[in-house]
Amino acid sequence: MSLLSSVAVSAGYGDLVAIDNITIDVEENSLLGVIGPNGAGKSTFLRALTGVVPLRGGQVLWQGTDIGHLPADARARKGISMVQEGRRLFPSLTVRDNLELGGFHASRQERAERMTEVVDLFPALGGIMDRSASVLSGGEQQMVALGRALMARPQCLLVDEPSLGLAPLIVDEIYEALPTLIERGMSVVLVEQEVDRVLEVADSLVVLHEGRIVYLGDGSEFRENPDSLAAVYLGHALDEGAA
Amino acid sequence: MDTLANVIVSSILLGGVYFILSLGLNIILGVLDIVNFAHGALIILGAYSTFLINRALHWDPFILVLVDMVVVGVIGAVLYLCYLRFTVNSPLVRMFALIGFNSVVAALLLIFMGSDYRTVPIDLGTWYLGPIPIRVTQVIAFAFAIALGVITIVLLNRTKVGKAVKAVTDDRTSVQLAGINDRRLSLLAFTVGAGLAGAAGGIISTYVTFGSESGLAFAIIAFAIVIVGGLGDIWGGAVASLLVALVLTGVTVYLSSALTNTALFLLVLFVLLVRPRGILGRGRV
Amino acid sequence: MSTHLSRARRVSMAAGVALAGLVLASCGGGDLDEKDASEPIQIGLIEPMSGPFADNGTQADRGASLCVEQINEAGGIAALDGAQLQLVKQDTGNAQPAQVANQAQSLIDNNDLSAMIGAWASSYTLAIAPVMEQNGMPLLTESFADDIVAQGYQFIFKIPAAASVMGEQGVTVVLDLAEANNYDISKAAMVTENTSSAQVSAAGAVGMLESRGIEITGEEYFAPGLTDANSLAIKVLAGDPDFLFAQGGLADMKILQEALAAQGYEGPILGSGSALVNPHYFSTVGEPANGAFTSAGWNWDLPGAEEFVKQFTEANEEFDFPGQEAGEDCVAVYAIAAALEEAGSRDPKAVRDALSTISITEGPGSMVANGALEFEDNGALKDATPVIVQWQDGKPRTVFPEDIATAEPIFTQ
Numbered sequence: 001m002s003l004l005s006s007v008a009v010s011a012g013y014g015d016l017v018a019i020d021n022i023t024i025d026v027e028e029n030s031l032l033g034v035i036g037p038n039g040a041g042k043s044t045f046l047r048a049l050t051g052v053v054p055l056r057g058g059q060v061l062w063q064g065t066d067i068g069h070l071p072a073d074a075r076a077r078k079g080i081s082m083v084q085e086g087r088r089l090f091p092s093l094t095v096r097d098n099l100e101l102g103g104f105h106a107s108r109q110e111r112a113e114r115m116t117e118v119v120d121l122f123p124a125l126g127g128i129m130d131r132s133a134s135v136l137s138g139g140e141q142q143m144v145a146l147g148r149a150l151m152a153r154p155q156c157l158l159v160d161e162p163s164l165g166l167a168p169l170i171v172d173e174i175y176e177a178l179p180t181l182i183e184r185g186m187s188v189v190l191v192e193q194e195v196d197r198v199l200e201v202a203d204s205l206v207v208l209h210e211g212r213i214v215y216l217g218d219g220s221e222f223r224e225n226p227d228s229l230a231a232v233y234l235g236h237a238l239d240e241g242a243a
Numbered sequence: 001m002d003t004l005a006n007v008i009v010s011s012i013l014l015g016g017v018y019f020i021l022s023l024g025l026n027i028i029l030g031v032l033d034i035v036n037f038a039h040g041a042l043i044i045l046g047a048y049s050t051f052l053i054n055r056a057l058h059w060d061p062f063i064l065v066l067v068d069m070v071v072v073g074v075i076g077a078v079l080y081l082c083y084l085r086f087t088v089n090s091p092l093v094r095m096f097a098l099i100g101f102n103s104v105v106a107a108l109l110l111i112f113m114g115s116d117y118r119t120v121p122i123d124l125g126t127w128y129l130g131p132i133p134i135r136v137t138q139v140i141a142f143a144f145a146i147a148l149g150v151i152t153i154v155l156l157n158r159t160k161v162g163k164a165v166k167a168v169t170d171d172r173t174s175v176q177l178a179g180i181n182d183r184r185l186s187l188l189a190f191t192v193g194a195g196l197a198g199a200a201g202g203i204i205s206t207y208v209t210f211g212s213e214s215g216l217a218f219a220i221i222a223f224a225i226v227i228v229g230g231l232g233d234i235w236g237g238a239v240a241s242l243l244v245a246l247v248l249t250g251v252t253v254y255l256s257s258a259l260t261n262t263a264l265f266l267l268v269l270f271v272l273l274v275r276p277r278g279i280l281g282r283g284r285v
Numbered sequence: 001m002s003t004h005l006s007r008a009r010r011v012s013m014a015a016g017v018a019l020a021g022l023v024l025a026s027c028g029g030g031d032l033d034e035k036d037a038s039e040p041i042q043i044g045l046i047e048p049m050s051g052p053f054a055d056n057g058t059q060a061d062r063g064a065s066l067c068v069e070q071i072n073e074a075g076g077i078a079a080l081d082g083a084q085l086q087l088v089k090q091d092t093g094n095a096q097p098a099q100v101a102n103q104a105q106s107l108i109d110n111n112d113l114s115a116m117i118g119a120w121a122s123s124y125t126l127a128i129a130p131v132m133e134q135n136g137m138p139l140l141t142e143s144f145a146d147d148i149v150a151q152g153y154q155f156i157f158k159i160p161a162a163a164s165v166m167g168e169q170g171v172t173v174v175l176d177l178a179e180a181n182n183y184d185i186s187k188a189a190m191v192t193e194n195t196s197s198a199q200v201s202a203a204g205a206v207g208m209l210e211s212r213g214i215e216i217t218g219e220e221y222f223a224p225g226l227t228d229a230n231s232l233a234i235k236v237l238a239g240d241p242d243f244l245f246a247q248g249g250l251a252d253m254k255i256l257q258e259a260l261a262a263q264g265y266e267g268p269i270l271g272s273g274s275a276l277v278n279p280h281y282f283s284t285v286g287e288p289a290n291g292a293f294t295s296a297g298w299n300w301d302l303p304g305a306e307e308f309v310k311q312f313t314e315a316n317e318e319f320d321f322p323g324q325e326a327g328e329d330c331v332a333v334y335a336i337a338a339a340l341e342e343a344g345s346r347d348p349k350a351v352r353d354a355l356s357t358i359s360i361t362e363g364p365g366s367m368v369a370n371g372a373l374e375f376e377d378n379g380a381l382k383d384a385t386p387v388i389v390q391w392q393d394g395k396p397r398t399v400f401p402e403d404i405a406t407a408e409p410i411f412t413q
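Protein chains in written order, with our numbering: chain A, 1 to 243; chain B, 1 to 285; chain C, 1 to 413.
The reader is advised that the hints may include incorrect statements.
What the hints assert, rightly or not - Restraint ranges, calculated between C-beta atoms of paired labels, are given here:
1) B:V88 with C:E69: 54 to 62 Å
2) A:R108 with B:R85: 26 to 34 Å
3) A:Y13 with B:L280: 49 to 57 Å
Unchecked claim - To be clear about the criterion: a stretch of chain B counts as covered by chain A if any three or more of its residues have a C-beta under 8 Å from a C-beta of chain A, and this derived list gives those stretches:
4) 158-167
5) 173-184
Don't read these hints as lab results, they were simulated from the structure.
Keep in mind the model is a prediction, meaning the values are calculated, not measured.
Ideal Cβ placement from N, Cα and C applies to all residues, glycine included.
Starting from the given sequences, assemble the full structure and let the hints guide the process.
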C-alpha cells in the first residue's frame with residue numbers, strides 16, 4: 001500500500017479545470033518529483049492532495065483510506081505537511097513562533113526537540129530565531145517555511161517550488177537537506193521548474209502538461225537523453241517523441 | 001491653559017475606553033476578515049447586561065464588565081455558529097445578516113426593555129489633578145479598558161493559541177496546513193471580539209445613558225478607529241483611539257460639537273489618503 | 001363598445017353598494033345625537049406612547065385615563081343621560097408627522113369620536129391640525145408651539161402657554177429670581193441639541209439674556225445621542241458662566257449635567273423641552289438635577305391639583321407625582337366633559353362650539369396656572385401663564401407665578 005495516492009483526481013478554479021484524472025502513488029520513504037511547464041497544474045495537484053483546493057472528482061488515499069473529504073487541517077494532522085509556493089510565512093510573528101506553530105499539536109518538550117532538529121538541518125535559523133518573519137531574506141524564508149512544515153514531523157512533505165527566486169547557493173543548501181529527510185523515513189513530493197535539480201534527487205518522476213500526466217516513471221530516460229524531456233514538455237508522449 | 005490640560009486629560013481617559021470599544025471589532029476584522037456590522041448591537045447588549053444584572057442583583061458595575069464579556073461572548077458564539085460560519089463565501093449575505101442582527105437586537109430590546117433610556121447608578125465622586133477635575137468612574141473605566149486591552153494583547157502575543165489567532169490574520173491557508181483547526185480559531189476570535197464589545201458596552205454604561213439603538217454612535221467611532229489605526233493592527237488601534245479621542249474632544253472644545261462627526265469623517269478620509277495602511281502603516285489594505 | 005358597457009355596469013354597481021351602505025348606516029347607526037346613553041362617548045387620544053417620547057405620551061395617557069374614570073364614576077355626562085366617556089387610543093410611536101396625520105384620519109374614520117386629545121410633539125400636532133379642521137373634530141393639545149393657534153384653526157384648543165412666552169418668560173423669571181436672591185448673573189452660556197425647535201427656543205433665550213445685558217460666553221449646539229459630554233462641558237464652562245441655558249433629551253441631559261457637575265459647575269441651569277418635565281428626570285439624572293429650572297405647561301403642585309395627584313400616585317405607584325402631560329390631559333378631559341354638558345350633544349361640531357364658550361373655575365378642570373379654564377377665539381388658553389419650576393429634593397416645585405409658588409427658588413453660588 002502506498003503512503004499517499006491520488007486516484008483519478010480532478011480539481012480546478014471556477015470554469016478552469018486545472019488538473020484532470022491524475023492518478024499517482026507516493027511510496028514510503030521516497031522522493032517524487034513533479035515537473036511540467038507553467039500552468040501544467042503542478043501546484044494545484046499539491047493543493048488538491050492537501051485539501052487547500054477541493055476535489056472535483058477522484059479520491060485522495062492516505063495509507064489506503066480516503067481522506068478526500070477532510071478539510072486541510074485534518075489532513076495535515078494525519079501527517080501531510082506542505083510548503084507552499086512563495087513560502088507563505090506568518091509575517092506578524094517571529095521565526096521561533098512560526099516554527100512553533102508548525103508543531104502546534106506537540107507537547108512543549110516534543111516541540112523543543114523538533115526545534116533542535118530543524119536548527120541542525122538549517123543552522124542559519126539558529127541566529128535569527130527572534131527576528132520578525134517579515135524581515136527575512138528569501139533564503140531564510142524558505143528555510144523557515146521548510147522548518148515550520150517539518151515541525152509537524154510529517155510522514156509526507158510536499159514542497160512547491162522551493163528554488164523559486166533564490167540564489168543558487170541557497171538552493172544548494174535546501175536541496176542538500178532533502179536526502180536527510182528521506183533518510184529519516186519521510187516521503188517528499190517536490191514540485192519544481194528546475195528540472196535538473198529534481199532529476200538529481202527524485203526516485204520517481206511525474207511530468208504534467210495542461211493538467212494531465214504525460215510521463216510517469218523513474219526519470220532515467222531523461223538522465224540518459226535530456227533532449228527527450230523537451231518533447232514531453234511540449235505535451236508529446238515519450239514514445240512518440242523518441243520515435 | 002487649564003482648558004488645554006483639561007482637554008488632554010479628558011481625551012486620554014476617553015481614548016482608553018475607545019480602545020476597548022474598537023478592539024473587538026479589530027480582532028474580528030483581522031482574523032475573520034468580517035466587517036462586523038453587528039458591533040453596535042453587541043456593545044449595547046453589554047450595556048443592558050450590566051443594567052439588568054445590576055438592577056436585579058446589585059453587583060458592582062465594574063465587576064459586571066467581566067460578566068458582560070461572558071454573556072455577550074456567548075451571544076457572539078451562537079451568532080457565529082448558527083449563521084456566520086455558513087456565509088464564508090457570500091460576504092453580501094453576511095453583511096445583511098449582521099446588519100439584520102442589529103435591527104433584531106434593537107427591536108427585542110424595545111419590546112422587552114421599553115423605550116426608556118437606561119442608566120447604571122454609579123457615582124464615586126471627583127478627583128482633582130491640580131485644577132483638572134476627573135471623575136473617579138471615568139478613571140476606573142479607563143483602567144478597566146486598558147487592563148482588558150493589555151490582557152487581550154498579552155494573550156494574543158504570548159500564548160500558543162493567541163499566536164495561532166494572529167497567524168490566521170496573516171495567512172489562513174498556512175495555518176490549516178500546519179494542522180491547526182482554523183474554524184475553531186475563527187469561532188474563538190468571534191467570541192472574544194463579541195465579548196470585548198460586550199465589555200466595552202458594560203464600561204460605557206457606567207457613564208453614558210443608553211437606549212435600544214445607542215450602539216450605533218459608538219460603533220461609528222469604533223469603525224473610525226479601526227480604519228485610522230489600520231485594519232487588524234491592534235497597536236495602531238491603540239494610537240488611533242487616543243487620536244480620535246483628542247480630535248473629538250478638541251473639535252468640540254475649540255470649534256463646535258456640531259462638527260465632531262465631520263471631523264471624524266475627515267480624519268478617516270485623510271488617513272485613507274495619506275496612510276492607507278493605518279497610522280502605523282502596518283494594517284491591511 | 002363592450003368596455004363602455006362594463007364600465008357603466010361597474011359604476012352602477014358601486015353606486016348600489018354605496019346606497020346600500022347608506023341605508024344600512026341610517027338603520028343601524030342612526031343620527032349621532034340620537035344615540036342611546038348606554039353607548040359611550042368616544043374621545044380620541046393620539047400620543048407617542050412608544051418610541052423616544054414614550055415617557056411623555058404615557059403620562060398623557062395615564063392622566064387622561066384617570067380623569068375619564070373620575071367623570072364616569074361620578075355619573076358620566078348628565079346632559080346626555082349619564083353617558084360614559086371612553087378613550088380611543090392611538091399610539092403614534094416614532095412615526096413621521098405625515099404618517100401621524102394618516103393615523104388621526106383613520107382614528108376619526110373608524111370611530112364615532114366627539115373630540116380628540118393630542119399629539120404632544122409640536123410637529124405631530126401641526127401635522128394633524130388640518131385633519132381636525134377638515135373633519136370638524138375639536139382637538140385639545142398639550143403642544144407648546146405658538147403656530148398652532150396662530151394659523152386660524154377653529155378646532156384647536158391649546159392648554160399650555162405659548163412656547164415663545166415660556167422661553168422668554170423662563171429667562172426673565174429666573175433672572176429676576178436670581179436678582180431677588182442676591183445671585184449675580186453677569187455671564188451666561190447656552191448649550192442645546194441642534195434640532196430645529198430647540199434651536200429656535202435657545203436663540204430666543206439667548207436674545208433675552210443679551211437684552212438684559214448679560215455676556216454670552218458660549219453658544220453650543222450638539223447632535224442628540226451624545227457619546228461623551230465631558231468635552232462639551234469643558235467648552236461650555238470655558239468662559240466661566242454663572243448661568244446656563246441647557247436643553248436636550250433626557251439621555252443627553254443626564255450625561256451633560258453629570259459632566260457639568262464633575263467640571264465644577266454649581267450655578268443655575270434653565271432647561272427647556274421634554275427632559276426637565278419628565279417625572280423620570282431626577283431618577284435618571286440624579287443629584288445634578290436638583291436646582292434646574294424649567295418652564296412647564298402644568299405642574300403637580302398647582303392649586304386644585306391635590307386630589308388628582310393623590311389619585312394619580314395611588315393608581316401609578318411608580319411615580320411620586322404626575323408629569324406635566326398627565327395634568328394637561330386631565331384638564332383636557334374635564335374641558336371636553338364640560339363642553340358635552342354645555343352642548344347637550346355628542347356631535348363634534350357642537351362640542352367645538354361649546355368648548356369656545358366654557359369657563360371652568362373649580363374642580364380638576366381649573367387646575368391650570370391662572371386658576372380658570374377658558375379659551376380665546378384662536379383656541380389659546382385665556383390668560384395662559386407659564387409655570388416656572390425648579391427641581392428641589394427630586395421634585396419639580398413651582399417657583400413662579402409667585403402667588404401660586406410652593407417653594408422659594410434656591411441659588412447656589
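Now the hints, each set against the structure:
Judged by the Cβ atoms, the range 54 to 62 Å given for V88 of chain B and E69 of chain C holds: they are separated by roughly 60 Å. At roughly 31 Å, the beta-carbon separation of R108 of chain A and R85 of chain B lies within the given 26 to 34 Å, and the hint holds. Evaluation of the 49 to 57 Å hint for Y13 of chain A and L280 of chain B yields a failure: the beta carbon distance comes to about 35 Å. Three residues within the 8 Å Cβ limit are the bar, and the segment 158-167 of chain B against chain A gives 5, so the coverage statement holds.
For the segment 173-184 of chain B, the assignment as covered by chain A holds, since 11 residues bring a beta-carbon within under 8 Å of that chain's beta-carbons and 3 suffice.
Against the hints set out earlier in the document, a violation occurs for number 3 only.
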